[in-house]
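Engineer: Assemble the whole structure, with the sequences as input and the hints as a guide.
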Amino acid sequence: MFRSPGLFSRAWVRRAITAIAVIAVLAVPLGFDEYTNQNLARIGVFAVAVLGLNVVMGYTGQVSLGQIFFVGVGAYVTAYGATHGWNIGVVLVASILIPGVIGLLVALAAARLGGLAIAMLTLALPIVGVPLAKRLSDYTGGSQGLSSAFSSAPEWSGLYNDQWQLYVVLVVGGAVFLLTRNLVRGKYGRAFAIVKSNEAVAASMGISPYRYKVLAFTVASLIGGVSGFLYMAVVQFTSPETLSLGHSVTLLASMVIGGSASIVGSLLGGAYYVLAPQLANHVDPNTTELLQGALLLLVLFLLPGGLVSLPRVIARKLRRNRPTGGADRQQSSSGAPARGRKAVEEAPTMSGIPTGRPE
Amino acid sequence: MAAELTLTDVNLRFGGIRVLTEVGFAVAPGQIFGLVGPNGAGKTSLFNCISGHYRPSSGSITIDGVEVLGTAPATLARHGLARTFQHPALRLGATVLENVLLGAHTRLPGGPIEWSLRLRHLTRSERELRTEALELLDRNHLGWAANRRVDELSHGLHKGIELCRALLSRPKLLLLDEPAAGLPHSEVEQLIETVRRVRAEEDITVVIVEHHMGLIAALTDRVVVLDHGRKLMDGTAAEAQSDPRVIEAYIGNDAVDDAA
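Chains as they are written, first to last, in this note's numbering: chain S, 1 to 359; chain Y, 360 to 619.
Because the hints were derived from the structure by calculation, they are not lab data. Just so you know, not all the hints are guaranteed correct.
What the simulated footprint calls covered on chain Y by chain S, stretch by stretch (three residues with Cβ under 8 Å from a Cβ of chain S suffice, anywhere in the stretch; the number is not a length) [as the list claims (entries may be wrong)]: (1) 409 to 415; (2) 445 to 456; (3) 467 to 479; (4) 571 to 577.
For lysine to any residue, the following SDA-like pairs were computed, each having C-alpha atoms within a straight-line distance of at most 25 Å [as the list claims (entries may be wrong)]: (5) Y:590 with Y:604; (6) S:317 with Y:507; (7) S:134 with S:149; (8) S:317 with Y:453; (9) Y:590 with Y:372; (10) Y:590 with Y:398; (11) Y:590 with Y:397; (12) S:317 with Y:451; (13) Y:590 with Y:376; (14) S:317 with S:295; (15) S:134 with S:84; (16) S:317 with Y:454; (17) Y:590 with Y:560; (18) S:317 with Y:511; (19) S:317 with Y:509; (20) S:317 with Y:508; (21) S:134 with S:86; (22) S:317 with Y:506; (23) S:317 with Y:452; (24) S:317 with S:264; (25) S:317 with Y:510; (26) Y:590 with Y:421; (27) Y:590 with Y:389.
To give an idea of the chain Y side of the interface with chain S (calculated C-beta under 8 Å), a few residues [stated by the list, open to error]: (28) 389; (29) 390; (30) 436; (31) 437; (32) 442; (33) 460; (34) 461; (35) 485.
Please read these numbers as outputs of a predicted model, since none were measured by experiment. Glycine residues also receive a C-beta, built at the ideal position from the N, C-alpha and C atoms.
Structural biologist: Below you can see the structure in the form of structure tokens.
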């Protein structure tokens with residue numbers, strides 16, 4: 001989280017880089033073909049779903065196997081609202097709030113039980129969800145599902161549908177990523193992290209593990225709802241199959257592969273979710289699942305921290321290969337000698353001469 | 360305002376095992392109070408009762424006259440109680456500063472929606488607390504380590520980091536669970552100096568569980584000696600050290616008989 005002071009820590013440099021990045025991202029839909037745009041939009045949809053899962057599982061350490069359920073509920077609410085002519089703003093809000101309320105109710109019960117209870121209860125969600133979606137056919141269209149082309153590009157925009165949909169994903173998904181990034185830093189990020197690593201310590205810091213688990217789970221459900229809305233905007237069709245348990249497990253694998261407790265990792269997880277089956281299919285259509293499994297094992301074996309840790313791992317490898325760098329590393333990683341050295345360096349502080357610490 | 364702590368007839372049972380029996384004592388505001396006794400005497404259990412992690416089966420615990428028995432630890436922390444743990448419980452992969460900042464949780468305003476929007480007054484209070492945390496680390500000779508990962512540092516430093524984390528919450532009652540355990544002699548000296556300085560600078564009551572009699576003698580105003588979950592005596596550290604019941608509890612009956 002802390003960079004050494006330099007060019008990139010200056011406010012205006014970072015602001016300029018952000019501005020350039022935003023413009024570049026907004027130009028993307030115009031520059032690619034339809035197939036690529038659709039793929040990118042789907043990556044965005046599942047990156048948001050993985051992001052939600054990361055809040056509850058990556059950051060807060062509560063195993064959730066039900067994330068796809070909230071994505072599915074969000075998609076169904078969107079489809080229902082869109083086919084019944086609701087205002088698009090109302091559709092968006094409902095597709096977020098309804099999964100959020102369900103998530104809150106589930107969490108109020110599950111977090112009280114603690115331990116594996118959350119995993120078990122969330123496991124039940126997709127298992128119950130699929131037959132429920134089939135049964136409630138008045139609202140869900142039963143096994144046939146619901147389709148709605150509410151996200152076609154409006155006339156005034158002059159865009160193709162795929163471009164318009166990708167813009168929807170970029171704007172809505174981008175906002176969710178930004179809000180979530182803000183939340184998992186600072187006060188709430190620290191609170192989630194200590195609930196994950198030690199609940200007794202969390203409690204003695206004034207952080208009720210129960211309340212923060214419920215909070216994390218509710219936020220994950222809200223984000224799942226957003227993902228469902230975007231899913232409907234991009235795929236324009238949802239059926240009971242959307243919220244099946246298999247997808248939930250794949251979401252979990254995508255989170256781990258992208259990088260647990262990482263914003264960028266969520267994005268990479270979304271990319272894995274969409275691209276891994278395509279890649280495997282491209283190599284050999286008969287062994288898609290096997291190849292995906294092999295890919296999963298390969299990533300976990302080589303990069304236990306997920307794809308997001310790749311730059312760090314490479315940097316460490318490079319440092320180890322340099323003899324001088326290696327010696328330096330050894331010294332700083334063993335506590336005692338490093339401390340002795342520091343104590344000498346810090347001697348002036350103790351004698352009362354202030355150090356040049358920035359205020 | 361330093362807190363006043365009173366325990367009356369506290370009993371704690373785990374199933375059929377009596378861990379604490381009728382323990383009672385009073386700690387005056389601003390005191391440094393020692394809780395001593397041989398291994399298994401129930402010191403840490405008593406600590407966990409005060410901090411709300413255990414719920415005594417009967418008795419009364421009041422802080423500033425308010426009954427806190429059965430109050431959740433998170434609630435107690437919000438009302439000015441802070442503690443350290445016998446085995447430092449830090450996030451090893453995070454930096455020292457991030458660990459210390461956790462102590463300021465209850466001092467930071469704002470709910471999850473406000474933090475998601477990164478409102479300006481929140482980022483300002485976060486920045487101010489960062490500065491305060493760095494100053495606190497500096498005063499405890501840990502300023503140099505602020506941006507180090509905790510797992511790169513020694514056990515003794517972990518104890519110091521945990522103390523800083525507890526202090527950043529600006530507690531009125533601070534519980535230290537074996538702060539000197541596993542520290543070399545030189546660091547114990549520094550710890551004594553630190554606790555003294557904390558008491559002088561902050562308006563705070565300190566309760567210490569400790570085996571290290573040197574530290575207890577050097578620091579505490581009063582002590583309570585526990586043995587087998589019962590209060591053996593209370594008084595000053597010097598009185599405790601010369602009390603035959605205490606010597607018996609620590610060394611055993613035979614030793615006393617032999618000496619006699």
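Engineer: Now look at each hint and say whether the structure bears it out.
Structural biologist: Evaluation of the provided hints:
Counting residues of the region 409 to 415 of chain Y whose beta-carbon sits less than 8 Å from any beta-carbon of chain S gives 3, enough to reach three: the coverage restraint holds. Closer than 8 Å: that is the beta-carbon criterion, and the region 445 to 456 of chain Y has 5 residues meeting it against chain S, so the requirement of 3 holds. For a cut-off of 8 Å, the count of residues in the region 467 to 479 of chain Y with a CB near a CB of chain S stands at 7, and the three-residue condition holds. Given as covered by chain S, the region 571 to 577 of chain Y fails the check, having 0 residues with a CB less than 8 Å from a CB of that chain where 3 are the minimum.
Note on residue 590 of chain Y and residue 604 of chain Y: the hinted pairing holds, with a Cα-Cα distance of about 11 Å set against a maximum of 25 Å. Annotation: proposed proximity of residue 317 of chain S to residue 507 of chain Y holds, straight-line Cα distance about 20 Å (limit 25 Å). Straight-line distance between C-alpha atoms of residue 134 of chain S and residue 149 of chain S comes to about 21 Å, which keeps the hinted pair within the 25 Å bound. Between residue 317 of chain S and residue 453 of chain Y the CA atoms are separated by roughly 22 Å; this keeps the pair inside 25 Å, and the hint holds.
For the hint linking residue 590 of chain Y to residue 372 of chain Y, the alpha-carbon distance of about 16 Å falls within 25 Å, and the restraint holds. Among the hinted pairs, residue 590 of chain Y with residue 398 of chain Y is consistent with the structure: their alpha-carbon atoms are about 14 Å apart, no more than 25 Å. With a CA separation close to 12 Å, the supplied pair residue 590 of chain Y and residue 397 of chain Y stays within the 25 Å bound. The straight-line distance between the Cα atoms of residue 317 of chain S and residue 451 of chain Y is roughly 22 Å, inside the 25 Å bound, and the hint therefore holds.
Among the hinted pairs, residue 590 of chain Y with residue 376 of chain Y is consistent with the structure: their alpha-carbon atoms are about 17 Å apart, no more than 25 Å. Of the supplied pair hints, the one linking residue 317 of chain S and residue 295 of chain S holds, its CA atoms being roughly 22 Å apart against a limit of 25 Å. A hinted pair counts as satisfied when its Cα atoms are at most 25 Å apart, and residue 134 of chain S with residue 84 of chain S qualifies at roughly 19 Å. Our distance criterion of 25 Å between C-alpha atoms is met by residue 317 of chain S and residue 454 of chain Y, whose separation comes to about 22 Å.
Annotation: proposed proximity of residue 590 of chain Y to residue 560 of chain Y is violated, straight-line Cα distance about 31 Å (limit 25 Å). For the hint linking residue 317 of chain S to residue 511 of chain Y, the alpha-carbon distance of about 19 Å falls within 25 Å, and the restraint holds. Proximity of residue 317 of chain S to residue 509 of chain Y is assessed by CA-CA distance (about 22 Å); at most 25 Å being required, the pair is judged to hold. For a cut-off of 25 Å, the pair hint linking residue 317 of chain S to residue 508 of chain Y stands: about 19 Å separates their Cα positions.
For a cut-off of 25 Å, the pair hint linking residue 134 of chain S to residue 86 of chain S stands: about 23 Å separates their Cα positions. The straight-line distance between the Cα atoms of residue 317 of chain S and residue 506 of chain Y is roughly 22 Å, inside the 25 Å bound, and the hint therefore holds. Pair hint residue 317 of chain S plus residue 452 of chain Y holds up; C-alpha atoms about 19 Å apart against a cutoff of 25 Å. With a C-alpha separation of about 22 Å, the suggested pairing of residue 317 of chain S with residue 264 of chain S holds against the 25 Å cut-off.
Only pairs whose Cα atoms come within 25 Å are accepted, and residue 317 of chain S paired with residue 510 of chain Y is accepted, the gap being roughly 20 Å. This hinted pair checks out: residue 590 of chain Y and residue 421 of chain Y have alpha carbons roughly 18 Å apart, not beyond 25 Å. Using a Cα cut-off of 25 Å, the hinted pair residue 590 of chain Y and residue 389 of chain Y holds, with the two alpha carbons roughly 22 Å apart. Because the closest C-beta pair between residue 389 of chain Y and chain S is about 22 Å apart, greater than 8 Å, the hint is violated.
Annotation: interface hint on residue 390 of chain Y violated; nearest CB of chain S at approximately 21 Å, more than 8 Å. Below 8 Å, beta-carbon pairs count as interface contacts, and residue 436 of chain Y has one with chain S at about 4 Å; its hint therefore holds. With 8 Å as the threshold, the beta carbon of residue 437 of chain Y comes within range of chain S, its nearest partner Cβ sitting at about 5 Å, so the hint holds. Restraint check, residue 442 of chain Y versus chain S: the minimum CB separation of about 5 Å is within 8 Å; hint holds.
For residue 460 of chain Y, the shortest C-beta to C-beta distance to chain S is roughly 6 Å, which falls under 8 Å, so the interface hint holds. A distance limit of 8 Å between C-beta atoms decides the matter here; for residue 461 of chain Y the minimum to chain S is near 5 Å, and the interface restraint holds. Because the closest C-beta pair between residue 485 of chain Y and chain S is about 5 Å apart, less than 8 Å, the hint holds.
When the structure is compared with the earlier hints, violations turn up for hints 4, 17, 28 and 29 and for no others.
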